[in-house]
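Asks: Just so you know, the protein sequences line up as chains A and B, in that order.
Heads up: the first sequence begins at 282 in our numbering, then just goes up one per residue.
Heads up: the second sequence begins at 14 in our numbering, then just goes up one per residue.
The set of hints was computed from the structure by calculation and includes no laboratory data.
Errors might be hidden in some of the hints.
To be verified - Using 20 Å as the maximum straight-line C-alpha spacing, the simulated SDA-like pairs for lysine to any residue come out as follows: (1) A/Lys512 with B/Leu198; (2) A/Lys512 with B/Arg216; (3) B/Lys19 with B/Leu30.
What the hints assert, rightly or not - Sample of chain A residues facing chain B (criterion: CB under 7 Å; computed from the structure): (4) Asp309; (5) Gly360; (6) Gly412; (7) Ala479.
Note that this is a predicted model, so its numbers are computed, not measured.
Note that CB positions come from ideal geometry on N, CA and C, so glycine has one too.
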Amino acid sequence: MPLPDQPHAPHLLGIEPLPLSRIEAILDRAAEFQRQPPPRTLAGKRLLLLFYEASTRTRTSFEVAARRLGAETVSVTPGSSSIEKGESLLDTVYTLRAMAIDGIVVRHSSSGAPHLVAAHVDVPVINAGDGMHEHPTQALLDAFTIRRHRGTIAGLRVAIIGDVLHSRVARSNLLLLSRLGAEVRLCGPRTLLPPEFAAYGARVRLGWDLEDALNGADVVMVLRIQMERMKESFFPSEAEYVARYSVTPARMRAARPDAIVMHPGPMIRGVEISAEVADSPQSVIREQVENGVLIRMAVLHELLVCHEPHP
Amino acid sequence: MNLILKNGRLFDPQLSLDRVGDVVLQDDRVRDLGPDIAASGPGVIDCTGLIIAPGFIDLHVHLREPGFEYKETIETGTRAAAAGGFTAVCAMPNTQPVNDNAGATEHIARRARELGHARVYPIGAITEGSRGERLAAIGGMCQAGAVGFSDDGRPVMNAQILRRALEYASMYGVPIIEHAEDLNLSAGGSMHAGARALQLGLRGISSTSEAAMVARDILLAEESGAHIHIAHLSTAASARLVRAAKARGVRVTAEVTPHHLILCDEDVVDYDTNFKMNPPLRGAADREAVIAALADGTIDAIATDHAPHAGHEKQQEFDRAPFGIIGLETALPLVLRLVESGRVSLARIVDALSSAPARIFGLRGGRLEAGALADLTIFDPSREWTYDPARGLSKSRNSPFAGWRLRGAAVHTIVGGRVVWSGAAATPPES
Chain A
282 MPLPDQPHAP HLLGIEPLPL SRIEAILDRA AEFQRQPPPR TLAGKRLLLL
332 FYEASTRTRT SFEVAARRLG AETVSVTPGS SSIEKGESLL DTVYTLRAMA
382 IDGIVVRHSS SGAPHLVAAH VDVPVINAGD GMHEHPTQAL LDAFTIRRHR
432 GTIAGLRVAI IGDVLHSRVA RSNLLLLSRL GAEVRLCGPR TLLPPEFAAY
482 GARVRLGWDL EDALNGADVV MVLRIQMERM KESFFPSEAE YVARYSVTPA
532 RMRAARPDAI VMHPGPMIRG VEISAEVADS PQSVIREQVE NGVLIRMAVL
582 HELLVCHEPH P
Chain B
14 MNLILKNGRL FDPQLSLDRV GDVVLQDDRV RDLGPDIAAS GPGVIDCTGL
64 IIAPGFIDLH VHLREPGFEY KETIETGTRA AAAGGFTAVC AMPNTQPVND
114 NAGATEHIAR RARELGHARV YPIGAITEGS RGERLAAIGG MCQAGAVGFS
164 DDGRPVMNAQ ILRRALEYAS MYGVPIIEHA EDLNLSAGGS MHAGARALQL
214 GLRGISSTSE AAMVARDILL AEESGAHIHI AHLSTAASAR LVRAAKARGV
264 RVTAEVTPHH LILCDEDVVD YDTNFKMNPP LRGAADREAV IAALADGTID
314 AIATDHAPHA GHEKQQEFDR APFGIIGLET ALPLVLRLVE SGRVSLARIV
364 DALSSAPARI FGLRGGRLEA GALADLTIFD PSREWTYDPA RGLSKSRNSP
414 FAGWRLRGAA VHTIVGGRVV WSGAAATPPE S
């Protein structure tokens, strides 16, 4: 079925369609919320958290963000709903739409699921991670975090390491950071490193050599490596992955001394990243979580308050 | 009963026929044809400005009956076929139950005869339940009217089973039709593997998943001397393999769909599931290659792979929605675009729609000459209309061409000397 004309509600479906002006507005708003406690601009509003895929961090982050702004949240997760009984995504959305919802946050294992929802509701839809497609609030919080440490993103060398192929975090960060002027180096086993990503920007580099990727890097972003990929034979064993791609203190010496280390979580210490690196002063992993709440507050504010139709 | 087709452009590329004239039909046969041979009077259809061609035959259609009547029935499917100019269609066996026995084959053939719209030639399953394990009752189905065998929707992954199917079917002179897809290479994919799939975060179906099976099948056909027909060929590599195999005399034939000739993976936008089919819309270079392969005869026939699905099935997450689009009512104007752009001659297009499918599957029809079966398609190559699936005759609406301005339409479809469809194609009546 062709999707009907997009309703007038603003959405955050991905970094790709997001104009630079809105990116800047969100980052600035998050900085403002950091300087001073935000007003309860979402008082009386109800946010639906539609999480078709397990998530601790992102769902909690949205919940905290919504409540700090005064909104009420309703969570729908697979275990707790008619999703399990086989109801279609659209039927679930039609049902919930009738319950005076002011915005919907969607996490789904299918790429494009938030787009399907957005085409059938008249409230803002926020993509909280769809399949292998995008995870825009993660990229925004990563950009915010990098900016806090470096002031600017333009000209930085950012290494993104791990399962690039299946990672929506890698995709959204690639889109966002390269648009903000960073050199993005994608690194991982060749089986998880699609060559088509080279076309995403003049300053995008691909390689399967970790030392090359880390050499002179300002930002080292480590992705979780899912062990089911091993079962699918993208690489032979955890041991081989660790031997070649685990980010260790020795390997970090190739990066700039003031490089920051990031991880979107959940993180498996000793696999994609060593405990020493994860807990080193260079690590900003915990700060990413704090900034996640600020960015999600900023996104909710931008979509639900700033775009509120005027009578 | 007689029918006179007056003053049309008589067009049969196979017979090198292209001149203005009349056709006289008597009962289910063409009695005579030539310039100005018939008078005006009752039973006369004025064909001025229209092309009279051998009836179009679609080798690849899913009529969905029995089992999925909410998507399509033999009645709605054969009416849609007639409206699209098809006088006959081959019905794929992936119904519920699967057409893997003589009783099921006979049922489909009988039901179509009773209805009397387009002819239906059943395709039987190669293996029981199309599970790819044991040969289905190929001999019995041939006697009941099956004209070919396929596990369409699925490939026969076991090469030994396919080899035996080829050998066995060759005793009956019928082709094995392969849905060429290496399931290990395509596993989990929902669109063509390429930059667009990566951008949309969708798992890709690589071109090699098709070509690798085409290569295997050609070798098996070569070894057995039997006839393999490649369904919905979609990649440059497959076209190269078929071209080379034909050059060394292998009995391989192939079909291509209108959508693989017109669209490519870059047309997949907004997760619109009407652009999801299998094989998927390929890269632009693949599209160019299949157009060239159609033009030079490497690809023999145009077939729609008409695959109706209900709205609620298509309105899902892209990776969950079923594969397939409808195509019977848009095939002709879509492929005529290739004539307009100069890529393929009108003669090759008409041959690929009519004579070629009859020739390669050994079906009746496909000729416009005295004594031939009076299955004819009369079309207006320049009639313009806008396609609205909601006004079509198919029960389903899953087409990527909704709203397209099209040029060319069937005006009269004649089956066995009887007009089964006439219309101003711009606005087919509501079903």
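Asks: Take the hints in turn and mark each one as holding or not.
Replies: Hint by hint, here is what the structure shows:
| no. | hint | in the structure |
| --- | --- | --- |
| 1 | A/Lys512 with B/Leu198 | 16 Å, holds |
| 2 | A/Lys512 with B/Arg216 | 17 Å, holds |
| 3 | B/Lys19 with B/Leu30 | 16 Å, holds |
| 4 | Asp309 | 28 Å, violated |
| 5 | Gly360 | 19 Å, violated |
| 6 | Gly412 | 5 Å, holds |
| 7 | Ala479 | 10 Å, violated |
Checked against the numbered hints above, the structure breaks hints 4, 5 and 7 and satisfies the rest.
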